[in-house]
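At position 109 of the sequence shown the residue is numbered 109 (full-length UniProt numbering), and the sequence of numbers has no breaks.
Think of the hints as simulated: they come from the structure by calculation, not from any bench. Do not rely on the hints blindly, as some may be mistaken.
[Claimed, not checked] Derived DSS-like pairs: lysine-lysine, alpha-carbon spacing no greater than 27 Å straight-line:
(1) K137 - K66
(2) K15 - K59
(3) K387 - K195
(4) K137 - K170
(5) K399 - K364
(6) K49 - K170
(7) K66 - K195
(8) K144 - K113
In this text, all values refer to a predicted model and were calculated from it rather than measured experimentally.
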Amino acid sequence: MMKQIDWIKEAQQRKEDLLRDLMGLLDIPSIKDTESQSPEHPMGNEVGKALNYVLNKGKDYHFETKNVDGYAGYIEYGSSEDYIGVLAHVDVVPATPSEWDTPPFEATLVGNKLFARGAIDDKGPGMAAFYALKILKELDVPLKRRIRLIFGTDEESGMSCIRHYFTKEKQPIFGFSPDADFPIIHAEKGQIHVKLVTPTESPNVDDKVSIRIAQFHSGERSNMVPGQAVVQLQGEGLSSIAASFQAYCEEQHLKGEVNAHQEALTLTLYGKTVHGMAPQNGINAALELIHFLATLPFRGTDKSFVDYCNTHLYRDPFGEALSVAYSEPTLGPLTINAGIFHYESHHLEILLNLRCPLDTDYKKTIESIANTAESYSLKVDEVRESKAHHVSPGHPMIKTMQQAYQDITGNEPTLLTTGGGTYARLMDNGVAFGATFPGKEMTAHQANEYIEIEDLILATAIYAKTLYELSQL
Numbered sequence: 001m002m003k004q005i006d007w008i009k010e011a012q013q014r015k016e017d018l019l020r021d022l023m024g025l026l027d028i029p030s031i032k033d034t035e036s037q038s039p040e041h042p043m044g045n046e047v048g049k050a051l052n053y054v055l056n057k058g059k060d061y062h063f064e065t066k067n068v069d070g071y072a073g074y075i076e077y078g079s080s081e082d083y084i085g086v087l088a089h090v091d092v093v094p095a096t097p098s099e100w101d102t103p104p105f106e107a108t109l110v111g112n113k114l115f116a117r118g119a120i121d122d123k124g125p126g127m128a129a130f131y132a133l134k135i136l137k138e139l140d141v142p143l144k145r146r147i148r149l150i151f152g153t154d155e156e157s158g159m160s161c162i163r164h165y166f167t168k169e170k171q172p173i174f175g176f177s178p179d180a181d182f183p184i185i186h187a188e189k190g191q192i193h194v195k196l197v198t199p200t201e202s203p204n205v206d207d208k209v210s211i212r213i214a215q216f217h218s219g220e221r222s223n224m225v226p227g228q229a230v231v232q233l234q235g236e237g238l239s240s241i242a243a244s245f246q247a248y249c250e251e252q253h254l255k256g257e258v259n260a261h262q263e264a265l266t267l268t269l270y271g272k273t274v275h276g277m278a279p280q281n282g283i284n285a286a287l288e289l290i291h292f293l294a295t296l297p298f299r300g301t302d303k304s305f306v307d308y309c310n311t312h313l314y315r316d317p318f319g320e321a322l323s324v325a326y327s328e329p330t331l332g333p334l335t336i337n338a339g340i341f342h343y344e345s346h347h348l349e350i351l352l353n354l355r356c357p358l359d360t361d362y363k364k365t366i367e368s369i370a371n372t373a374e375s376y377s378l379k380v381d382e383v384r385e386s387k388a389h390h391v392s393p394g395h396p397m398i399k400t401m402q403q404a405y406q407d408i409t410g411n412e413p414t415l416l417t418t419g420g421g422t423y424a425r426l427m428d429n430g431v432a433f434g435a436t437f438p439g440k441e442m443t444a445h446q447a448n449e450y451i452e453i454e455d456l457i458l459a460t461a462i463y464a465k466t467l468y469e470l471s472q473l
């Protein structure tokens, strides 16, 4: 019989090494970059650098490692035929330095918090899982099943990395992704990604308009609520428009900026960036700016763009105005995030990200969006779908994880659901497991993202005990 292990003590003893290794990973700006893509680094140089960083750490600590074509890589301990999977990711969403109190890609300790892009999503939890595996190896605990920590590189932009991985490697018998909340998330909403465009044959050719949109840009990812929107206007009455915009921002308690220059007016509005899975918790800068633009006498495609967004997207995160609203008891309501807007030279692109509960009628939902868009001379150009994911609460994996979580924390291991999408949905038997604790602030995809050091250590202890117990099943 194995002697009793104080998992929290073991994690605490490795705190300094864990922080050092994590901070090195956080300093890599591993945002997907199509311009530096290559066969060796399919998600770009910086993401490739982050993947190599974690795999080299695995080698440094004498684990078996493998790079799977640059899309993913794994660190492994044990020797059974089947394996338990832990799926984390090294890619991160973009960060706007001006919105941060510390440099987003220079890991900074402030009190008991470690600030950096990726601190909680997902480099911190991923490194906690790595150190959990390191604890098991250094204690030489007996494992009945192999444990494989898999790092992906494209979680934030479609998960092509793990889909590629599963074309080369078999599925784990079960596993978890440390990329959400504790205790355990056993069900995730499905997703629909929709791109709306203006048909190229329908430009705004009306030269008699008094005011026109030269360009409008907002958002960096469809799964983030845009925190900034910029429009450049040309035409008549620009000084009056500038004054009206300033009054609008004051009335709506929003931050805005005005820049007048050579027969053009640039308006910038700032919102609040949050994860696109819960757009109701953010302030969509694009839609707030468009709501102001709706007061101006646009024509042609300018008018179609503004009217569509103001009528069907503005402050409507549950899709009522698009006639796609739906809710069910397990996963709650459908949500819709308008995450990216690009409008220039009469060509428009809007990217929508819908989070869909169980039994959502995908065909009907997409048709409704397409029909509404068509009435504004817009069309659906691209659609990507993924179905909702659900693991039975009675699965032995879940029961084991619940017991391990309760043993370490003393807290009730309640089962949760989420509008977010994690790698868990790509496993036949996968759940999300941490690392944000109940009652703690979730800062993923936001400015000033952080993880509390005590939470990092506690998560490491939970993962170590959980992986040991799962390996005995």
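A quick look at each hint next to the structure:
no., hint, in the structure
1, K137 - K66, "holds (18 Å)"
2, K15 - K59, "holds (20 Å)"
3, K387 - K195, "holds (18 Å)"
4, K137 - K170, "holds (23 Å)"
5, K399 - K364, "violated (37 Å)"
6, K49 - K170, "holds (25 Å)"
7, K66 - K195, "violated (36 Å)"
8, K144 - K113, "violated (37 Å)"
Going down the numbered hints, you'll see the structure goes against 5, 7, 8, while the others check out.
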